[in-house]
Amino acid sequence: MKEEFLHYLWRLRRFDLKNLQTTEGENIKIHSVGKLNENAGPDFLDARIKIGETFWAGSVEIHINASDWNVHGHQRDRAYDNVILHVVYEEDRPIFDANGERIPCMELRRRITPRVLAMYEKLMRSEKWIPCEYHFTNVPEITRNLWLDRLLVERLEDRCVSMQNLLESNKNDWEETFYQCLARGFGLKVNTDAFEQLARSLPLVTLGRHRGQLFQIEALLFGQAGFLDFDFEGEYPNKLKKEYSFLKQKYGLNPMAPAAWKFLRMRPANFPTIRIAQFAMLIFQTTHLFSKMLSAANVQEIENALTVITSSYWETHYVFDKPTSKKWRKMLGKTTIHLIIINIIVPFLFLYGNQKDDDKFKNKAFQLLESIPAEQNKIMRGWKKLGVHPESAYQTQALIQLKTKHCELKKCVSCAIGNSVFGGC
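Quick note: the sequence shown uses our numbering, first residue 1, plus one each step.
Everything labelled a hint here was simulated from the structure, so no lab data went into it.
Ideal Cβ placement from N, Cα and C applies to all residues, glycine included.
The reader is advised that the hints may include incorrect statements.
[Claimed, not checked] Derived pair list, reagent style DSS-like, types lysine-lysine, alpha-carbon separation capped at 30 Å: (1) LYS411 <-> LYS378; (2) LYS18 <-> LYS122; (3) LYS385 <-> LYS189; (4) LYS334 <-> LYS322; (5) LYS35 <-> LYS189; (6) LYS18 <-> LYS189; (7) LYS35 <-> LYS2.
[Said to hold, decoys possible] Computed beta-carbon distance windows for the label pairs: (8) GLY252 <-> GLU175: 46 to 54 Å; (9) ARG93 <-> LYS128: 33 to 41 Å; (10) GLY252 <-> GLU315: 32 to 40 Å; (11) LEU146 <-> GLY252: 20 to 28 Å.
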């Protein structure tokens, strides 16, 4: 049993409320269970409870065993001085406050409905793809949809944390931060960190000084990535190397180690060399990238802005000095563009809307997701086996959050769908 289960029981009063008493026999009347505390300190704040003839206002702490109070060190923490009731599954020993007075305690072990407890234990023991696999489709559709709406917001808020930190490190420079985040998007999971490192080592303002020169932009990006620190046979990479050597001295640049980049088990079209070439073309073709994202009227405008083709050298190469037998224009594909919109542009717009207190941009983020077809990946295949068929990225992103941040962690008691399953007991 986890404490979160007891939190659920207390928060929703899902236990026998008749003749409530402390373990010392004083009557209890709950006027308010309080508010769940997401931060350090007691579990529930601002509770209102009558114990005996005294009306108390304060905090409630919840444990499996009463002795957990001491195990967690609460007896040394002044934040717990205002606990008015200790709610436990079992009182295995009395607990005293810093003044030596016994803290009122209420046991739940004989007050939990057997069916609710049995369902909880069943979900916790479940080894199915999601714990409530046999019950999921029986949950009312409105309950599922409202919860998925909330989970999408939760997912975007999670994504915004690292972006917010990056924004602060860039002294609230939105264009620079967006450029760095967009670079991560070109990394496609495997090389996301390397792409961000590349962008952070090469400020947008530096690239901006060479806005009209694709050759110089490529020299800067490939040089900073560490891909020009070799001896070449071909004319083009040697020219890039020479140009980078000059620009490196001019701007005092320190290149990355080439080992930061991963090629193993990747399709050649996703090689970091190809993605850097596409990123270089995007920087070359587009000024004020973030401003363009803010003003884009729909997803098609963003798709058009991100539809870039590499320079001619890369039509016959995947890496330097190794020509291919066939010529192929290496365009950023629509699936990749959609992933960049989903994982970078949408949460960045959401962050901007939060920071500027403007719901227009947050709603725009939602609209973009609704305009993108449902993602096709391992998690979505799992949901489809359960009869769930999302229509857009709006739904797939929420379902990914549900699976990875709730179902896999078995947070059933804090899940609206899980609560509905318990409610049917």
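The hints, checked one at a time:
1. Taking the CA atoms of LYS411 and LYS378, the gap is about 21 Å. The hint holds against a cut of 30 Å.
2. Using a Cα cut-off of 30 Å, the hinted pair LYS18 and LYS122 holds, with the two alpha carbons roughly 27 Å apart.
3. Proposed proximity of LYS385 and LYS189 is supported: the alpha carbons are some 26 Å apart, at most 30 Å.
4. With a C-alpha separation of about 27 Å, the suggested pairing of LYS334 with LYS322 holds against the 30 Å cut-off.
5. Restraint check for LYS35 and LYS189: not satisfied, since their Cα atoms lie roughly 38 Å apart, outside the 30 Å limit.
6. Using a Cα cut-off of 30 Å, the hinted pair LYS18 and LYS189 is violated, with the two alpha carbons roughly 54 Å apart.
7. For the given pair, LYS35 sits about 19 Å from LYS2 by alpha-carbon distance, which is consistent with the 30 Å threshold.
8. Distance hint check: the CB atoms of GLY252 and GLU175 are about 22 Å apart, inconsistent with the given range 46 to 54 Å.
9. ARG93 and LYS128 have their C-beta atoms about 38 Å apart, which keeps the hinted 33 to 41 Å range intact.
10. The hinted window of 32 to 40 Å between GLY252 and GLU315 holds, with their beta carbons roughly 34 Å apart.
11. The supplied range of 20 to 28 Å is broken by LEU146 and GLY252, whose beta-carbon atoms lie about 54 Å from each other.
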